[in-house]
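Residue numbers (the working numbering), protein chains in the order written: chain A, 1 to 146; chain B, 1001 to 1322; chain C, 2001 to 2343.
Keep in mind that the hints were calculated from the coordinates and are not lab data.
Watch out, some of these pointers could steer you wrong.
Unchecked claim - The calculated BS3-like cross-link candidates involving lysine-lysine, where the alpha carbons are at most 27 Å apart (straight line), are: (1) C:K2070 with B:K1138; (2) B:K1144 with C:K2070; (3) A:K61 with B:K1232; (4) B:K1232 with A:K43; (5) C:K2006 with B:K1009; (6) C:K2070 with B:K1118; (7) C:K2331 with B:K1118; (8) C:K2338 with B:K1009; (9) A:K145 with B:K1207; (10) A:K129 with B:K1197; (11) C:K2070 with A:K11; (12) C:K2020 with B:K1136; (13) C:K2338 with B:K1114.
These numbers come from a predicted model, not from an experiment.
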Amino acid sequence: MPLNENEFRPKIVAFCCNWCSYAGADLAGSSRLSYPADVKIIKVPCSCRVNPMFILRAFEKGADGVILCGCHPGDCHYSTGNYYARRRMTLLFSMLDYLGIEKGRTRVEWVSAAEGVKFSQTMNEFVEKIRSLGENVRLGDLRCKN
Amino acid sequence: MQELVNRAKELLANGTVQRVLGWKAGDMAYNPEPSYFETEADLSDFVYDAFCGANLSKYMIEASKKEGKTLVFLKPCDSYSFNQLLKEHRVDREKAYIIGVGCKGKLDIETIRKQGVKGIEEISGASMDDACDTLKIKTIYGDKEVSYQSAMLERCHVCKGKDHVVYDEVIGESRDTVDGERFSEVQRIESMTPEEKFLFFQKELSKCIRCNACRNVCPACSCRKCVFDSNKFDSAQKANVDSFEEKMFHIIRAFHVAGRCTDCGECSRVCPQGIPLHLFNRKFIKDINEFYGDYTAGEDIDAEAPLTHFEFTDREPNEERG
Amino acid sequence: MLKIAKTDLPALFQKIAETKDLYLPIRVADQVNFGVYTQDADVSLETLKTVKSPKDAFFPQSETLYTCNKTENKISITPEELQNKEFVVFGIKGCDVKGIEVLDKVFLSEPVDTFYKARRDHGILVALACNEPEESCFCKAFGIDCTDPKADVATWLVEDVLYWNPLTEKGSALTDAVKDLLSDADDSKVKEQQEKTKAIVEKLPYMNLSLEGWNGDVLTEKFDSPLWEELYQPCLACGTCTFVCPTCQCYDIKDYNTGNGVQRYRCWDSCMYSDFTMMAHGNNRNSQMQRFRQRFMHKLVYFPANNNGMYSCVGCGRCVEKCPASLNIVKVVKAFQKEGGDK
Chain A
1 MPLNENEFRP
11 KIVAFCCNWC
21 SYAGADLAGS
31 SRLSYPADVK
41 IIKVPCSCRV
51 NPMFILRAFE
61 KGADGVILCG
71 CHPGDCHYST
81 GNYYARRRMT
91 LLFSMLDYLG
101 IEKGRTRVEW
111 VSAAEGVKFS
121 QTMNEFVEKI
131 RSLGENVRLG
141 DLRCKN
Chain B
1001 MQELVNRAKE
1011 LLANGTVQRV
1021 LGWKAGDMAY
1031 NPEPSYFETE
1041 ADLSDFVYDA
1051 FCGANLSKYM
1061 IEASKKEGKT
1071 LVFLKPCDSY
1081 SFNQLLKEHR
1091 VDREKAYIIG
1101 VGCKGKLDIE
1111 TIRKQGVKGI
1121 EEISGASMDD
1131 ACDTLKIKTI
1141 YGDKEVSYQS
1151 AMLERCHVCK
1161 GKDHVVYDEV
1171 IGESRDTVDG
1181 ERFSEVQRIE
1191 SMTPEEKFLF
1201 FQKELSKCIR
1211 CNACRNVCPA
1221 CSCRKCVFDS
1231 NKFDSAQKAN
1241 VDSFEEKMFH
1251 IIRAFHVAGR
1261 CTDCGECSRV
1271 CPQGIPLHLF
1281 NRKFIKDINE
1291 FYGDYTAGED
1301 IDAEAPLTHF
1311 EFTDREPNEE
1321 RG
Chain C
2001 MLKIAKTDLP
2011 ALFQKIAETK
2021 DLYLPIRVAD
2031 QVNFGVYTQD
2041 ADVSLETLKT
2051 VKSPKDAFFP
2061 QSETLYTCNK
2071 TENKISITPE
2081 ELQNKEFVVF
2091 GIKGCDVKGI
2101 EVLDKVFLSE
2111 PVDTFYKARR
2121 DHGILVALAC
2131 NEPEESCFCK
2141 AFGIDCTDPK
2151 ADVATWLVED
2161 VLYWNPLTEK
2171 GSALTDAVKD
2181 LLSDADDSKV
2191 KEQQEKTKAI
2201 VEKLPYMNLS
2211 LEGWNGDVLT
2221 EKFDSPLWEE
2231 LYQPCLACGT
2241 CTFVCPTCQC
2251 YDIKDYNTGN
2261 GVQRYRCWDS
2271 CMYSDFTMMA
2281 HGNNRNSQMQ
2291 RFRQRFMHKL
2301 VYFPANNNGM
2311 YSCVGCGRCV
2321 EKCPASLNIV
2331 KVVKAFQKEG
2341 GDK
């Protein structure tokens, strides 16, 4: 991707579960699939480790988009973690929508350890989406801007 | 009301209960406070009228740690909160003797003041024995009449029902007070554009003074140590003018009680800045009902709680809302 | 005495706002608080009590003290600038003016709080007398005359006229700046209104609250009273009373991590909170009874002990109106009276 000084480079935080999605990211890397460097991966033990506060905190500190990746439903290393995460994120995203935060700034994707291609595709799409939405102003803390 | 006092005296005298948890008459017509009564003589200050909006169920967490039984008076909506606490093992059913009290809708002094009433000396029409149609208010600036209906707390307009879900006995009559649609305000906001939504909440939350009254009064907020009080993370920011802190606090406050909030409306009642905090909780309730089937927290002690339960076929978070 | 028609007030506000920041009671989302004047602000001078007191203008709920920034290997420290521009607080009531006097005792005595002092030096108080005090008011108990506020400028809103009387040098300077809009007036209408208001004050239930027995010398007697154990029970441990209070002055200093630096700020704290004055060894008041007692002991005993008998309550009645559990300082004082009578 060409680098332009003035181009908006979004900050993306990706929470990836240790067992599937993080391994999926590894596979994407070792398969030489590219995805934008704007994505910063944070490894979590399970998608259900992600407290809604993690997501809000990421936005507060300047993230423009937050994506949560976990094992496919049914494949959770801990059997059911991602099912709980699914309900929580559904409610949280709906609440953010209700508060007037742009749809699309948050996302959940199920990426298995074998889906390097899906990982890279998902990240490319998500970064593209955030680019089109522009900078996150509604959920950021002004103090973190300087 | 006398019936309640008599019954309380009886139960104290025969040793069924060690203390009574009720409301004590204030020094004005509208400010009774939650109070413990330990003797028959104490009960001379007991009051139960339309200004006894305070939900006593949260006080039962502390009362459960005391020696012996506590007699507690619960309004129909309070009994949902008590039941929810019971489900979470925060109160001890064995330590409580519950008298369900009737409710004709509770009054909000702020709403009365908003109607231009000031310098209040006396209010009549707020007793449980009254017809509760009109409040006659004597003020230094002349006599005023306010319709009872118009002076009710928001929650009473959309009351869940006048049946107690947990009690040992029920005393007193209730009256249907519903004249509004519970989710209409939530729907109104949902239909706004993102910009309008954002401005609406920005304006409301800009008033927040982080006094934590909404959290401390909430019967569902029963953690011994709140994440917003913990100095181990930088979540304990106390007061802050930056609007983000307030948003995060209110989203997380509502999220932490999602699926457990009985919509008792105490948060909105106590907010010194009149922020409609129930709109956060009710949004979660509405979503839970729509996504995972109707659920009323506190209604059934054995029901599966929506956030500690799942279905294989649950919707995906990214799905557009239809 | 000068005057200006009520209809000309927007012009007056505009004129003041041209050169100075102007704080006055503004309605936002149905609640009136002091805020900065803008042309489309919904100014509400009729409101007797703003939810929060105007102490924010001098002692903001949250203010940055300095900022540390890290760029590569260097750390730069930027102190916050002190207030250096004049500003006007318009429509402050007599009780709240007295509240600022209480704050002065705390922040202007050694060591002087420079942030507060800078704001005090640059702030001009334009007080507005009360016409219709309410049942929760008890300013008279603290010797405050709500019909005759002592500030840089005292004003009275009678019928459709605002009467204006500068009382200090700062007040005269402000008067000169807006002279074109004011005209001479006699004070007969004001006197008349004052008498009317005073008659109302006499009728209000809390106004003649007796503070007998509360002074700086009763520390152990009051501190050890068994009454506290009873009184605190309904308290929810929220900070509403302390945050709406015009005299509560406790604060905390905290750091905010901005990601590439630290902002050190101070914000109001409340003695009702469990982490109030938290130290390495823990907290020195570890039950809600102790915290509840602290608030009233501070206002009615500790403060007078250190300030020649001056109470740190001004009887504005905000806590009376706002406490979620209907507790307040009046109930506490009355409970002790009753106890005294029973003995």
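Checked hints:
1. C:K2070 with B:K1138: violated, 64 Å
2. B:K1144 with C:K2070: violated, 63 Å
3. A:K61 with B:K1232: holds, 18 Å
4. B:K1232 with A:K43: Judged against 27 Å, a Cα distance of about 21 Å means the pair holds.
5. C:K2006 with B:K1009: violated, 59 Å
6. C:K2070 with B:K1118: Violated - the C-alpha atoms of K1118 of chain B and K2070 of chain C are around 55 Å apart, more than 27 Å.
7. C:K2331 with B:K1118: holds, 20 Å
8. C:K2338 with B:K1009: holds, 24 Å
9. A:K145 with B:K1207: holds, 23 Å
10. A:K129 with B:K1197: Judged against 27 Å, a Cα distance of about 21 Å means the pair holds.
11. C:K2070 with A:K11: holds, 20 Å
12. C:K2020 with B:K1136: violated, 47 Å
13. C:K2338 with B:K1114: At roughly 34 Å apart (the allowed maximum being 27 Å), K1114 of chain B and K2338 of chain C break the hint.
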